[in-house]
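Chains A and B supply the protein sequences, listed in that same order. Going by my numbering, 78 is the number at position 78 of the first sequence; the sequence numbering is gapless. For my numbering, add 1000 to where a residue sits in the second sequence, where the first one is 1.
Simulated from the structure, these hints should not be mistaken for laboratory data.
Calculated cross-link-like contacts (lysine to aspartate or glutamate; reagent style EDC-like; alpha-carbon spacing at most 16 Å):
id : chain 1 : residue 1 : chain 2 : residue 2
1  : A       : Lys44     : B       : Glu1037
2  : A       : Lys44     : B       : Asp1035
3  : A       : Lys92     : A       : Glu43
4  : A       : Lys40     : B       : Glu1041
5  : A       : Lys44     : A       : Asp96
6  : B       : Lys1038   : A       : Glu43
7  : A       : Lys40     : A       : Asp96
8  : A       : Lys92     : A       : Asp37
9  : A       : Lys44     : B       : Glu1041
Keep in mind the model is a prediction, meaning the values are calculated, not measured.
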Amino acid sequence: MATSKLQALWNHPAGPKTIHFWAPTFKWGISIANIADFAKPPEKLSYPQQFAVTATGIIWSRYSLVITPKNWNLFSVNVAMAGTGLYQLSRKIRHDYFNEEETAVIKE
Amino acid sequence: MSFFKTFINSPVGPKTTHFWGPVANWGFVAAAMADIEKPPEMLSGNMTGVMCVYSALCMRFAWMIRPRNYLLLVCHASNETVQLYQLSRWARGQGYLQLKEDKTSST
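Input sequences plus hints: build the corresponding full structure.
This is the structure we're talking about:
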C-alpha cells in the first residue's frame, strides 16, 4: 500500500523526475540563503536585492496557482521568500531610519 | 496596432499572471545591476551562488511549463549571466580566484 503511494508520488507530473519539482525545491535555497544572512549586519544588506526577493515571492505565490500543473511546492516556497525578504527589509529599514538618534549621539 | 492588441490579449500577456511573474523576476536582474559597482565585501556569496543554480533550473522550468514562457526564459538567462559575474567578483574579493603564485594568505 505504502509503496504504491510512493510510486504515485514518484511518477507525479510535478514529481521528482521533473523540473516542475526541482526548480521550486531549489528555490528554498533562496530563503535558506536569506535566513543565513539574518546574521549579517544590516549595513551589508542590499535594498534592491531584498526588495526583489519580496516582490518576487508575493507575485509568484499567485503565479504558482495559475500554471498547469498547479504547484503547491512553488506556492509555499514563494510565501517563505516573501517572508524572509520582508524580515530583511524590516531589519535594514529599522537600522537606517530608526537608529538615527543613537548614531546622532555617537557623532557628537 | 493589431500587434499591440494581440499582445494585450495574449494568453501570456499583461492581463495574466504568466506575464507579471516573469516581470517580478526581472527584479533580480535589476537588483544585480544596481549592485554591480558595489564593493565585493558587500555582496552575499550565499545569495549569489544560490541565484546561479536557481536561474539555471528556472530556464528549464520556463521551457517545460505550459504555456511555454519565453519571457521567463529570457529573464533567467539574463539573471544567470549577471549573477555569475557578481559571483566571480565576490570570489575574487574572497581570494578564491588567485593564481597559485599569488596566494600568500588564506581568507
